[in-house]
Structure formats: structure tokens, C-alpha cells
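J.: So you can see what is in the structure, the chains are spelled out below.
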Amino acid sequence: MAEMKLAPGNGPETGSATALRGSQDSWLRRNRQTLAPLLFLAPGVIFFLFYVIFPILQSFNLSFYRWDGLGDPQFIGMENYRELMDDRAFEVSLWNNLKWLLLYLLAIPAGLFIALFLNQTVTGIRLYKSLFFFPFVISQVVVGLVFSWFYDPTFGLLNQVLGWVGLGPLNVLGDPTLVTYGIIAAGLWPQTAYCMILYLTGLNAVDPEQVEAARLDGAKGAKMLWYVIIPQLRPATFVAFVVTIIGALRSFDLISIMTNGGPFGSSRVLSFYMFEKALSEYGFRMGYGAAIAVVLFLIMLCFIAYFLWSMYQDDKGGR
Amino acid sequence: MFPKPIQNSSRAWQTTYQALVPAALVMWLLPLIAVAIFSIKPEADFTTGNYWGVPSSFEGFSNYGRVFFGSDMPRYLLNSVLITVPTVIGAVALSCMTGFALGVYKFRGNLLLFFMFVAGNFVPFQILMVPVRDLTLDMGLYNTKTGLVLFHIAFQTGFCTLFMRNFIRALPFELIEAARVEGVAEWRIFWFVVLPLMKPAIAALSVLIFTFIWNDYFWAVVLTQGAESQPVTAGITSFNAQYRAAYHLMSAGSIVAALPPVAMFFLMQRHFIAGLTLGAVK
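Respectively, the protein sequence lines represent chains A and B.
Going by UniProt numbering, the first sequence opens with residue 1, and the numbers climb by one from there.
Going by UniProt numbering, the second sequence opens with residue 1, and the numbers climb by one from there.
Hints listed in this document are in silico derivations from the structure and should not be mistaken for laboratory results.
It is possible that some hints are incorrect.
Capping the alpha-carbon separation at 30 Å, the derived lysine-lysine pairs in DSS-like fashion look like this [what the hints assert, rightly or not]:
| id | chain 1 | residue 1 | chain 2 | residue 2 |
| --- | --- | --- | --- | --- |
| 1 | A | Lys-223 | B | Lys-4 |
| 2 | A | Lys-129 | B | Lys-4 |
| 3 | A | Lys-220 | A | Lys-129 |
Could you build the full structure based on these sequences and the hints that come with them?
T.: Okay, structure coming up:
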């Protein structure tokens, strides 16, 4: 940015000053391709290192300590991880995370289905599309509230409907075997909307000539979808996969709002259990919480590595 | 076009389709419609067990009136605005610069830095929780809006950089080269050549970040505590504790809390979707 002030040749100068400025100027000029990106990057990178990258390393370090957040941390080596191995609650959370990961992926086919349903040009379809997208815009806190009323055993809409077909009242959020599925269903609602919008955009870009050609060859329905359309939707599917996996592993808001981990801790996932251990009324076990977070991070790292690798493959083709 | 355009199929199926779409929409939004109905019911309906019947009277004005004038809700809404708007400005400003640097210049470590931003953006929040909370406490910013804003800016810079860098890479590079040949200073190229072309990306990112931050709950709980600094997502839980079992008020409160991002979405729909679906089309 300093380059402008040092623009040469404005006004009379004494000989030596001109020479000095000249050399400074050419140094800047020679290195402007190095300096400019450095200056542009500095604020963002510093911020990001400070608030994101260093804390990750600190968490790794902290997971080897016992610390209540106030006194001096005490180094205990692998003790936290050893404790995790025998921790029933940790095991439950890990299993629930797995359920989240697998079932959350249903948002992708569900989103594709709705997108195919809505990919028409009739009057008012634009408005319908945005109304279908609605749940994604609402905060998960509100989604959680809405669904906990939907499931409510005394007045919830779900039990009203079940009552009409003669099925007994179901306390979804009070039943340890059902609760995680109930919360995942609530999470699928906005996530499906997101996948839908990705696929609607993808369908828009499908090459009409290929579709026509395939149609002339007699392809239609499921075959057309599988062999012609879905391959062309690959980029949309990739993005949908990335955001869905991240969403599944980040699930916290819904659990916190709908059940607070209950009943009897049966709806906890790692992200929630970590929060509970580190910051709740059960005491401040920062080191143990950090160890849980590290496990979650390592699970995520497998996916992050895959995402980055795919992006790298893509990027090699670019400029 | 796939599936087959409806105009090419039988009259009967066309009519069915046109009836099916609104029916499906009502099913899809049923939980929300229920809350909207709850929010205009009088309290008496809940005590007499008239949950799903027609409201016995329209109490929309008094319910929403109590949310706005009888609770901390306006305070929480204001906090949300004061947290969201600076974050949007900060994150977009920082990422315009990082995106420009990573998208335009060739230097060693370019891709590495870019991947650092991308990877950081995918990280589970929990691994940052304890250190960031500690950091915020040390800086004396715990339970302040500033503390929340600073962290949000830093974290969102990851996603924004991904977005901006890819957007800038798709711009015609000849423009920048032409400017360089003319001897235009690099910061001028950024300001006068690239930035004007980035307007659509800036708009899309602003709407997206607005929604993300408005809807954030986790960091609001971790970094703030009271009504003086908590945003509306965290506020709604204390609001609900205050009006436990007053479903008409809780519904009205939830709707108020959800409205700003919804309004943003409908006003800026094109940008919003362009932002969300970045990368979904090649």
C-alpha cells in the first residue's frame, strides 16, 4: 500500500534524496508481487490463527491435563483418554454420533426427491420452492422447540395423528430408544431443504441436449435418472455430502433444546457430552472435555482430508 | 429438462400435480403452521385442552404485544443485530482481501494457506470451545458482544475466504494482467478492478453470514450469559423458562426470533441461493 506515496517524479528533489527514493521505489517495485499478497493476507490470517488454529493445538495439549478452569493445570499424560475407554456415557455418545452420521445422509436422497418433484415450470412454482426451503432459514433453536411440541405426548400433533389411526400415545423424547431418532428427524427437516435447493440448482444446469438424446434412445424414468441425470448432478451431490456430514457432526443445538441430553443421557452425542463435561453443573472438567473434543476432531479429520483431497483434484485443472 | 415437463403430460396429471404441490407444502410446513396457530390463540384455549381446534378468539395482537413490550425480547433482538451486523462487515472485509490474495497471486504455500482456511471452517466447534472461552476471559471480553463478534469474524473468515477465492478465480484474469501492464498499483487493482466485480459475491456472502450468525446458538451459550449481551437464540430459552407452559407466548416469541433471517431470505433470495449453491454447478 505504501507504493503509491513513493511514486517517482513528483516535484523537484535534491539529487541524493531522489537516488534514495529511486532505490526504495525499485525495491518495492521488484517485490510488489511478494509484498502485496502478504499485506492482503495478514489481517485475515492473523485473526484465523489466533482464534481457530492455535485453539485447536491448545485443545490437543489440554487433553493431557487435569484442569478445572481456575487453578493450575496438572499434567496427567494419557489418563483422560484411558478414562474415556471405560466411560459408558462416552460410548453412548459415540454410537449416537454414528447414528447421526448415517441417518443424516438420508437428507440427500430426500432432497433430490423433492427437487425432482418441484422441478417444473407451472405458475407460482418459484414461491413454492422458496417456501419448501423455509425450514433451513430458521434457527435450529426454533426448529428444536417446534419439534418438541410436535412430539409432545399430551397435545403434540404427532400423537393426534397417531390417535386417528388408532395408535397409542408415543413419548418420543422420553423414550431412551427412540429419542435420538426423534431428534435426527427434526434435524433432517432443515437439512433436506438445503439438499433440495442444491439439487434444484443442479437440475437447472443439466444439459438438455443430453436428456433429449437419451430420451430418443428410449431412456426414461428411473433409468434416465440413474444413468443420465445423477452423474450430471455430481457436483451438487458432493456439496450436499460435505454440508450434511458437517451438520451431523456439529449437532448440538437440537439436542440441547429438545432433551438436554436426556432421558438418562441417552440422546447425547460427542459434541454435547463434551460441553456438558467441560462447562456444566457437573463440574468443570476442561481436560476431559478437551479429550472428547479431540476424538470428535479426529473423526471429522477423516472427512476433512477427503474433502480437501477432492478439492485439490479439482483445483489442479484450474489456472 | 428432467423430469418431463408437466405441460407435455395428460390434462388429468397436470391437475393432480397442481393440487399435489400445495398439499405437500402444507404437510412439509405443518410443524411451523402449528406454531403460527398457537401464537394467535388465547391462553384459555390451552387450559381447556383446545390445542388443535379453531382458536376461540384471535389474540395475536396481545400475544405479540406481550413479547415486544412485556419481556426482554427487544433487548435480545437488539443484541442479535449488534452481534450480526459487525460480524458480517468484518468477515466480508477480511475475506475480500484474503480471497484476492489467494485467488490472484501465485506464491509458494498459496494452496496450503487456502486449505488451512477451508479445513478450519470444517472443524467441530467443540475443539475450539475451551481455549476460545479462556482467551475471551483473559481479554476481559467474556459476556460481551465484542467477544462474540471477534470470534465470529475469525471463524467465518474461513468460509468466506473459500467463497471469495473461488469467485475471484472465475473472474477474467486478463483484466488484472492488463492493469498490471499499465503499471497500476496492486492495491488499486484490488480496489478499482476486482472489488467492483465482486459485488454479487459480497451480497451473497453478507446474506449467508447474516443468517448463520443470527442463528448461532452454541457460541452464544459458551461466550455470553445474561440479557445484556445474549442474542435472541440464547434469549429464547430464558424467555421460555420465564413463560413455562405458556405456549401462546412461547410460540409468538419463537416466531419473532426466527423472523429476521426469514425476511432476509425472502428479500435477497437470489443472492442467498447463489451463495448456498456455490460449487453445486460446474
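J.: If a hint holds in the structure, say so; if it does not, say that too.
T.: The hints, checked one at a time:
Pair hint Lys-223 (chain A) plus Lys-4 (chain B) holds up; C-alpha atoms about 13 Å apart against a cutoff of 30 Å. For the hint pairing Lys-129 (chain A) with Lys-4 (chain B), the CA-to-CA distance comes to about 18 Å; that is within 30 Å, so the pair holds. About 25 Å separates the Cα atoms of Lys-220 (chain A) and Lys-129 (chain A), which keeps this hinted pair within 30 Å; it holds.
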